[in-house]
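Undergrad: Kindly generate the complete structure, drawing on both the sequences and the hints.
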Amino acid sequence: MAIPRVVGASRHSAVPKRAGVGLKPEHYRTILETQPDLGFFEVHAENYMGAGGPPHRYLTRIRETYPLSLHGVGLSIGGTDRLDKDHLKRLAGLLARYEPGLFSEHLAWSTHDTAYYDDLLPVPYTEETLSCVVAHIDEVQTSLGRQMLLENPSTYFAFAESTWPETDFIAEVALRSGCGLLLDVNNVQVASTNQNWNPVAYIDAFPLRHVQEIHLGGHTPETDEKNRPLLIDTHDRPVHADVWALFAYAIGKLGPVPTLIEWDSKLPDWAELAAEAARAEAVMTAPAQPVRELHHARAV
Amino acid sequence: MPGLSERLAGFSAALLNPVAATPPGLVGPDGQPSPRRFAVYRNNVVVGLTEALKANFPAVARIVGDPFFLAMARDFAASSPPVSPVLLGYGGGFPDFITGFAPAAHLPYLADVARLETAWLEAYHAQEAESLGPEALANVAPDEASRVVLDLHPSLRLVRSPYPVVTIWAMNTGLKEVGPVDFDGAGEDAFVLRPQAEVIVRSLPHGAYDFIAALAQGRPLGDAMAAALTAAPEFDLAANIRQLISGGAIIRVRLCGEPEPVPAKDLP
Chain S
1 MAIPRVVGAS RHSAVPKRAG VGLKPEHYRT ILETQPDLGF FEVHAENYMG AGGPPHRYLT
61 RIRETYPLSL HGVGLSIGGT DRLDKDHLKR LAGLLARYEP GLFSEHLAWS THDTAYYDDL
121 LPVPYTEETL SCVVAHIDEV QTSLGRQMLL ENPSTYFAFA ESTWPETDFI AEVALRSGCG
181 LLLDVNNVQV ASTNQNWNPV AYIDAFPLRH VQEIHLGGHT PETDEKNRPL LIDTHDRPVH
241 ADVWALFAYA IGKLGPVPTL IEWDSKLPDW AELAAEAARA EAVMTAPAQP VRELHHARAV
Chain Y
301 MPGLSERLAG FSAALLNPVA ATPPGLVGPD GQPSPRRFAV YRNNVVVGLT EALKANFPAV
361 ARIVGDPFFL AMARDFAASS PPVSPVLLGY GGGFPDFITG FAPAAHLPYL ADVARLETAW
421 LEAYHAQEAE SLGPEALANV APDEASRVVL DLHPSLRLVR SPYPVVTIWA MNTGLKEVGP
481 VDFDGAGEDA FVLRPQAEVI VRSLPHGAYD FIAALAQGRP LGDAMAAALT AAPEFDLAAN
541 IRQLISGGAI IRVRLCGEPE PVPAKDLP
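So the sequences go chain by chain: S and Y. FYI, the numbering for the first sequence is 1 to 300, going by our numbering. FYI, the numbering for the second sequence is 301 to 568, going by our numbering.
If you're looking for bench data, these hints aren't it; they were derived computationally from the structure. Relax, there's no trap hidden among the hints.
Partner residues aside, some chain Y positions facing chain S, computed with beta carbon under 10 Å: (1) Gly303; (2) Pro324; (3) Pro329; (4) Pro333; (5) Ser334; (6) Pro335; (7) His425.
Where is the CB? At the ideal position from N, CA and C, for every residue including glycine.
TA: Next up, the structure:
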């Protein structure tokens, strides 16, 4: 007779409407030793797709205490290749093993003709892309048996053939596929600056009712060949003041949302990362939005 | 206007080729083409793949230095981009690429260091298994000993080199103080295992490589011993078995002809 598996309370815990951080191997020990007060951790799914080894040992222990969000970077939902069935199986394995409260992927492509480019590449916003993305999300949600969240991209240029505004395109994808959305506020700032959009208007036009998670991260200011501002989505530094202001504006409209600090290279020590999360949490528990911060965001 | 498939094909072709023209129709806020903006993606892809290789081959990178490594890694990535979004094992073909990489010809041991790093990485991410303790062979009857098959830990890897590869690797991973290396002496056979959380790398005595390689092929102890003695008449069977057991390399003992149990499926 099969013995029913005893499920502890933490296994079912949804990701709370608090701040979390991206889990990095450099911080494993500090987290286990100090058990910081944090809403959740998020991991890149692909970093935990080995058969065994230390990454699984640490994640298993951390998952015993914290809610988890699983963030995929490799499905290539925006690509024209068929989705990688083996990759979907690996994702299903991770979902079964770690029971994350949230699972997200990107409005981007990273694989073409079997070559994987290890970057989140942009898509033109056309009817053809829309059908392709919706069909892929449908396949993901059907094969994994759960809803996924789709993240808005950081982009550096526009495709001449695009016929949809990005926010309308994403709203239509959510409507047709039934996916939830991950609003990356830094990506809004980066894309809006690079495309000369108004980031506040972007948030206003975004289908906020589908948003179940927010990302915040650092970007690097550069310029293009015509000396126009070009922000690069680097995740290698603190969240910029403009992004904090835009986040506060979004939270003012949304209320608290699980919010992740993404810091993926040039990692800070744990205290600095935790301070960023504390700041995000402070924004979510603060009373109504001060107007001057709005002006700050609009000034971009 | 191109269709999506054609668009992504043109985009892809220009990503890993630094001299390819920027695909048309990728425009800045004024609607005009902006090669600088496309270069951001090109740079991201090259940096992403070369950094992934550097993370997987830290000793090779330390030996040749960053500029050389990144140039070599860029050449490799352009000809062998990953075929999976799981980059944990990216670079399986890197050692062979290094063998044929003319600018590294003056470092003939470099490819073997890369092979050892590949073995380390495979061991690090290998499936978990429980090792047998000191009593592993307690129940083997003496007349059955030669027919015994020792199933080895799934993380076990061997690397044979005509160069002192373990010494060079250890000096370039901070495990051993950097000092003179004797290139005129014998090469080293590397034994790589992760019985618990830590990957163990050590240099094997003569005959041990042949012995363990035979065991890894599922050949019985008698055969493995014969292979070892052919390679090294001084091979000490008892000491080598003790070393394997105490290191956690043996996960099952069975008699030749008994089927290997189907391993439990490891997730994911």
